[in-house]
Structures are given as structure tokens and as C-alpha cells.
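Asker: Note that the protein sequences, when read in sequence, are chains A, B, C and D. In terms of numbering that gives the first Met the number 0, the first sequence opens at residue 0 and continues consecutively. In terms of numbering that gives the first Met the number 0, the second sequence opens at residue 0 and continues consecutively. In terms of numbering that gives the first Met the number 0, the third sequence opens at residue 0 and continues consecutively. In terms of numbering that gives the first Met the number 0, the fourth sequence opens at residue 0 and continues consecutively.
Source of the hints: derived by calculation from the structure; they are not laboratory data. A portion of the hints provided could be inaccurate.
Below, computed lysine to any residue pairings styled on SDA-like, alpha-carbon distance capped at 20 Å [unchecked claim]:
| hint | chain 1 | residue 1 | chain 2 | residue 2 |
| --- | --- | --- | --- | --- |
| 1 | C | LYS160 | A | ASP78 |
| 2 | D | LYS150 | C | THR142 |
| 3 | D | LYS3 | A | GLU56 |
| 4 | C | LYS150 | B | TYR77 |
| 5 | C | LYS160 | C | LYS229 |
| 6 | D | LYS72 | B | ILE139 |
| 7 | B | LYS228 | B | ASP213 |
| 8 | C | LYS229 | A | TYR77 |
| 9 | D | LYS150 | C | ASP152 |
| 10 | D | LYS3 | A | ALA93 |
| 11 | D | LYS4 | A | GLY54 |
| 12 | C | LYS133 | D | ASP139 |
| 13 | D | LYS4 | D | ASP139 |
| 14 | B | LYS87 | D | GLY82 |
| 15 | D | LYS229 | B | TYR77 |
| 16 | A | LYS46 | A | LYS87 |
| 17 | A | LYS110 | C | LYS133 |
| 18 | B | LYS124 | B | LYS87 |
| 19 | C | LYS229 | C | ASN213 |
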Amino acid sequence: MNSNTSNADTSNSETMTPWSRDQMAQRCAQDITDGSYVNLGIGMPEKVAQYVPKGREVIYHTENGLLGMGPEPTPEEYDPDLINAGKKAVTAVAGAAFFHHADSFSMIRGKHIDVCILGAMQVSKDGDLANWSTGAPDAIPAVGGAMDLVAGVKIIYIITQHTTKTGEPKIVDKCTYPLTGQAVVNRIYTDLAVIDVTNEGLALTELAPGVTFDYVQERTAAPLIDYTK
Amino acid sequence: MNSNTSNADTSNSETMTPWSRDQMAQRCAQDITDGSYVNLGIGMPEKVAQYVPKGREVIYHTENGLLGMGPEPTPEEYDPDLINAGKKAVTAVAGAAFFHHADSFSMIRGKHIDVCILGAMQVSKDGDLANWSTGAPDAIPAVGGAMDLVAGVKIIYIITQHTTKTGEPKIVDKCTYPLTGQAVVNRIYTDLAVIDVTNEGLALTELAPGVTFDYVQERTAAPLIDYTK
Amino acid sequence: MIDKKVSSPAAAVADIFDGATVMIGGFGEAGSPIELIHALIDQGAKNLTVINNNTGSGHVGLAALIENKQVGKMICSFPRTAGSMVFPELYRAGQIELELVPQGTLAERIRSGGAGIPAFYTPTSVGTPLAEGKESREFDGVTYVMERAIKADFALIKSTKADRYGNLIFNKTARNFAPIMAMAADITIVQTKSYVEIGDIDPETVMSPGIFINRIVEVTNPQQESKLVKEGVCYP
Amino acid sequence: MIDKKVSSPAAAVADIFDGATVMIGGFGEAGSPIELIHALIDQGAKNLTVINNNTGSGHVGLAALIENKQVGKMICSFPRTAGSMVFPELYRAGQIELELVPQGTLAERIRSGGAGIPAFYTPTSVGTPLAEGKESREFDGVTYVMERAIKADFALIKSTKADRYGNLIFNKTARNFAPIMAMAADITIVQTKSYVEIGDIDPETVMSPGIFINRIVEVTNPQQESKLVKEGVCYP
């Protein structure tokens, strides 16, 4: 760990190549082990499925009642009654199972799903997650299954840009947006780094090519521990 | 009502023909309306099914996971995996449905079953039922689904001999045996009479041929109201 | 004889009264009983409390029911979907109430309503604004919130097959809330693509047993919400 | 690749430890995983807490497990059945503990264990000795008792069909407790009459989705408890 020795030149971005959205998804996919039951949030998390390494068999759960979700349908396969939680048309793989909503959330709440990958507005140093509401007075609040997923799934991975579009840190000391869950996040995949939420604090374990620990720390509103050695 | 005017000669049993077990079942069956969902306890309640008047379609629920229970199987139909709550081999009618135990008891607890017919050790004037345990110290307590049924089914009918084998009243002021449920019984069919549990008290509405109100009252440890007019 | 078939959507929803609580099946358009909802619009009952995961889309189905000012309150998990304009507008104008419930809690509250369970504890929403004002309690060192069951006067759901006992078969993810809403309503009304003979549905594969079902209307060619939305159809 | 098949009942139950909580499927003999139970007798784990609706019959299956002094405590609704001698004798001798639970409460406690619900309220047993010592509470003027979820280290269940993902099909009323026990145990072990190819089970008709299942043993010709009892068989 050399977090305190190299604080020079952290804004030099010439040699930095932050991960693209596809690369973030690809990096996250490495951590999906063979035989996992996985629930993918809407948006970037959905990308992860296409990068799961060959040879690993992963079963996707969608909370609207399907275990064994397959890829987008061909026009011939299309059935408006076969959709995912994002209301997109999907398929069902051989060996799938359909069930009703109470059974589906029993799988979630009962800790039967291994991994859930979600986006984030903010993640705190303690693993608190805010990803459902800005809390703005005129916003239409909508939570869907996010609170159930973070409360029930064994491992919660977050995949997100490291900062907002305006450069504000998304990894913070304390979330200012309304929480989705307390102390629920296990690992964060950003365009800059991979960060674990540990009992000791936020442990940065990997950096995107050319990105330095200090560069990431400057864009993070909570202390990071350098685990890249 | 003449309950206080004719207390003479109540033990004259020459002209009395108490109902047989089959007649009790037959009388009870008159009150099962067309289209009812019915759960029958083990023993005498099971007899009721064979006396439901023609033209009424009744669907039998057995709490071990079948709606649409049919009669005993022929040797060819016999399947040890198709039994009722009394663990006797049964059949499934066309239009039946199988389900698991939690779903089955949701039907019961959720007040979806119309009628349940049970036996009794004691019924109190308030409709308390004792039918699962004598409370004897060396007895093996066994409750099965009885407490769920009385708590959840809309109408509880009791079919029982009016007194015990030793002549003790089974209809009592207060049950001395451990309760199955409080204020749950709606109507009692005995070999002597039909008695409703009402807010005003136990209302005797019918007598077996030749049986008098006073004869029944003498064998009942709670006040009866004569509704036979 | 048991025969739960009724002649038309209009007949099926005729007695839904002002102020009734109505569960409506469907997750987005999958499972949405659009013909029953349109019959309810024609019927005109007002000040309804509606339970659905969403708030409809475009100007048909649930969105049209809301737009027609028949809904006083929505209980749902996700009132903000692509193509959902009606609810947000009325909500911002303070003309419709919203009870926001996490999706799994919504499902479990409905299932509990049908199963005779008045309340239960769940880890979902602990530490969030949606747990505010709710009782919380520790079991084995973990904090849970208490949630109450939801019941309804009516449920409107859609199935693929139904027999005269009311045994139902759904198609794929159109099953979603239908079996549990069927349990939790006093009167459950089904629109089915096909009405089949008793015995045609294998007792092993029944998805919603007939005991939970009160009325069945055959709607052989149900409209598809997304298609109507794309065509810009407004109901009525 | 996911393949939950294991080679034998012995291999399937090898790690059941002394003091483990074990749910055993079946209502009477229907659904009783007799070969798995016999493997557990051979294996010898002691001081088990066993959850089953009954206590077995004759001297085979669950009754034999109890007779072999491997069960310290039974959680069940009906320990007294025709042909059930083993449990009553040990119970009267104070050699086995009993937690008597109404059948529907037992089912719901198991389902809750699998669904992440730590506790719920039920009207069942209010005012009876089985509510004694339990918290009670009024909702809308009606009294309910609070019941806690049950979870287990292992569940042993029996199915008709299974695929390598663990999707299960049961036969008729042999389904009973199996789907909910499968949810409530850390390790769910299935003996199945037939092990089928992925895709052979229609996704619409799966009775217990594979996510709840950990190990599958094929037992093509399972023994029938009532037949063994009639023949006076004693295991081992």
C-alpha cells in the first residue's frame, strides 16, 4: 500500500484509460461464479450477462416470476407475456421455471439468490445504498424490487460510474439521498476501480489502466484503503 | 316454546327413535348448499359426503393438498400418493387441483372454505370446541389441522353423539377439556337434536322422532332454548 | 352446479361500488386484464383504491382508469414507467394518493391477506424512508419492520385458460400477481382467453385453484396494451 | 455446469451432523423419502431435531430413525397415528422432546423460514393451550398469536421427476410439505423416481424450482412404507 507516498500528478490523465461501460460489465462478470443464481438490475447491470466467462452456467432470476431468463427473443419467439423486471421482452431457457410474485420474492427475501447487480446514485463507506429516489419534492417515487433485493440477496454488487455527470462523488461518507438499504453493498465496480466494502472500510482492490489510487481517492468522498499493493 | 311446561315423563323412551349415525350424517348433509367448498373431519364427518342431496355440486378440500377429493379408489385407481387428511386412499375428481401444504392452509386460514364438519369431545354454550385432547397427563397430544380449521373456516358444523358412552353431556356450560378453538361452532348435529349456537344461547331447532325438548335438556349441561315452536 | 362464467365484462364488474378496493393483476402489460378495466371505466365506479405494481401506460387500461378520475389512491411499487404520464400528472397536482410499497412487500402483503395472516415482519425497507412510521422489531439480532396484510373487495385478473370451477392457467410471466390477488379479494373476476371443459386442466398444473375465483368472462382476443399505446389509442 | 446429482443416498446425507435440524417431507407415507431416511440411519447422526407432520409408522422410515435414538426432538402436528408406536413409547419415557404445532401453523412457519419472514401472526390456536406462552396481539379487534419461522440445516424430500437444475415434479398429494421444506433448509436433498433431461420439465409446471434444491439422488423404485409396515419389516 502506497496511498500516502504518491500524491503527485493525480490529475494527469494522459495515460489513464478508465473502463468503458462494457469493460465494467466485463470486469464484474468475472466475479459471477459457476452455478450462481443471479438477479440483474435494469440498465448497465443487464450488460453483465453477456460477459460471463464461457463454461460458467449462470441462472438468471427476474423478480416478475421467472428463473432461467434467456436473451432477447427473435421476432418469432416474441411473446408480450414473457418479459423481465424492466418490462423488456426476454426468453426462457430450457430448465426455467415460472412462478407468482410472492414465490419470486420468497426467493429474494429468503436469501436464495446468490448475487444481485444494481446501479447506484450513492454508496456509503458502510455499504449503504441509495438508488431509488433523489428525494426531490416533485419526483414520483418508485422503488420496485430494489429494497427487497438489497435486503435479501446474499451478495450485492454495484456497477456505476465513479462520479455523477457533474463530477460529484457517488461513493460517499454518508448517503444524502434516501436509502435503498443499510450496509448492504459488498463490492463496487466503477469506471476507475473495484472497491470492496469491508469491516475496515472501503478497500480499493483494482484500478483501471493508468488510473492511480490518489486519482480515485480524490473523486471519492470517503477514505479508501489501497489494497492494490 | 314450551320448555318449562312439559317436564313430565321425559325418560319415557318407548316412542323415541334417536337418529342413527347415518341419519345424523344425512341431516347434516341437508345443510351443505350447492357450490360449497367443504372440509370433512375424520370419522363420522366423512359420512356426510354420501348424503349430500342430488343436484348439489360440492367440492371437498383435504388439508394435505387437494381440492376436489373424490370417493375411495377402485383397486385399479389406488395410488399411495393420493390420500386424504385421515391418510386413507382417495381419488381426485375432474376439475381437482393439487397444491402444497402452505397453500392448502392458506385456503383454510384465509376463510376460503365454506364449511367444515368435525367431531367433538365437548362443545360449550358459547361455541367453544374441544376435540383434540383429553388433557390426560400420559396422552400423546396430537392436534393435526383441527385448530386451523376452526379458526379459518367460515361455518363449523359439529356432528356427535349427544352424550359420551358413559352418558355424560358433551354439550356443556364450559369445556373442561383443552380447547381447539373459542366461539367457533355454528351448529351441532347429535343423535337427539339439531342445536344452533346463537348470540342468545343454544337454540334447539329440531328433535329426533319422539324425542322431547326436556329429554334433550336433561342430557345437556347448558341451557337450551326451544326453537322447535 | 358450479358455473362461474358470466356473460360479459360489463356484467362481471357491474357491482364494483364507489370507494371499493380493487386489485388489478399484471406487471406492466403482462397479465393486465384490459377488457375488465375498460368495463370498469364504462361502469364508472369512483374513488377506488387500486392495487397494481404500476400505474399503467399510455391512455388505455389502468392509465385510462386513472385518467378517468376513478382512482382516489394507488398502492403500488413502481408508478413511474416508460409511457406512464397519467399518474405522475395527477400525483403532482395532488389529485391522487400514493402508497408506495416495495414490490416484494406488496406481494407478501397481498398473499398474507389471502392466507389469513394479518401482519408479518420483513427485512425489506429497514433503515429507509419506507419504514418510517412502521413498527420495527429485532429477531435474533436483526431488525425487521412489521407490515400489514392487504385485502380487497374485488380483484381483476387475466388468465389463459379457465374451467367452470375457476381453475386457472396463466401464460409465462403474465402469472405475476394474479394467483395471490385471487386469494386476497372477496370477489375475484377473471378474463380468460379460453374457457375449457372440467377435466381439461391437469389437477397437477393448476396455477390458481378455483376456490379463489368467483366470476369468469371469456375474452378470446384480448387487446395488447403496448400495441394500443403505440397506436395512440385513448379509452374510452 | 450445474449438476446437482449425487451418486447415492449415503453420499447425499453424509454431512448431516449431530444436533442438526432436519425437515423430512411427507404426510404419512405420501412423499416420505424413505431411502434417504434409511441412509441417515446408516449414517448415524444423533440428537437431531426433526420436523415432519407425523412421527412415522411401524419400524421403518421416520419411525425407525426415532427408534434408533437419533432424534432428540420432534416438531410435528400429529405424532399419534395408526401404526405409530415408537414415538409414543419414547415420549412417555421422557426420552424424546415434542413441540406440538397446529398443522397449518407448521406449514406457515416453514414457508416463512424459506421466505425470509422471521415471524407472523395467525388466528390459529388463540384461546387454546398451544397459544400459551406466546405473544398475542389484536389487529382490527381480533386476537392473533405470533409465531416464529422455522429453518433447518437439511431437508430430505421425495419427488417424481427432477432435472439437473433441481426443478421438481411431485405426484398428487405426495407434494404436501416438500416445496416449502425445500425453501426453508440450507441443504435440500431430494430422492427422485426419475432424473430427466433439462427441458423435459415444462417451465410452467415446475412445482419446486431448482434454486431451492442442492442434491438429487435417483431412487428408481422407492419402497412403500405401508407395505413394509404390513410385512413387519424393521430397519435396519
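Asker: Please go over all the hints and tell whether each is borne out by the structure.
Answerer: Hints versus structure:
1. C:LYS160 / A:ASP78: holds (17 Å)
2. D:LYS150 / C:THR142: holds (18 Å)
3. D:LYS3 / A:GLU56: holds (13 Å)
4. C:LYS150 / B:TYR77: Violated: LYS150 (chain C) and TYR77 (chain B) sit about 40 Å apart, past 20 Å.
5. C:LYS160 / C:LYS229: Roughly 27 Å between the alpha carbons, so the hint for LYS160 (chain C) and LYS229 (chain C) is violated.
6. D:LYS72 / B:ILE139: Given pair LYS72 (chain D), ILE139 (chain B) holds - Cα atoms ~14 Å apart, limit 20 Å.
7. B:LYS228 / B:ASP213: holds (13 Å)
8. C:LYS229 / A:TYR77: Roughly 17 Å between the alpha carbons, so the hint for LYS229 (chain C) and TYR77 (chain A) holds.
9. D:LYS150 / C:ASP152: Distance of about 35 Å is beyond 20 Å: violated.
10. D:LYS3 / A:ALA93: holds (16 Å)
11. D:LYS4 / A:GLY54: Since the Cα atoms of LYS4 (chain D) and GLY54 (chain A) sit roughly 19 Å apart, the hinted pair holds (cutoff 20 Å).
12. C:LYS133 / D:ASP139: Satisfied, since the Cα-Cα distance of roughly 17 Å is no more than 20 Å.
13. D:LYS4 / D:ASP139: The given pair, whose Cα atoms are some 50 Å apart, is violated under the 20 Å limit.
14. B:LYS87 / D:GLY82: Holds: LYS87 (chain B) and GLY82 (chain D) sit about 13 Å apart, inside 20 Å.
15. D:LYS229 / B:TYR77: holds (17 Å)
16. A:LYS46 / A:LYS87: Holds, because 14 Å separates the two Cα atoms, which is no more than 20 Å.
17. A:LYS110 / C:LYS133: violated (23 Å)
18. B:LYS124 / B:LYS87: violated (33 Å)
19. C:LYS229 / C:ASN213: violated (34 Å)
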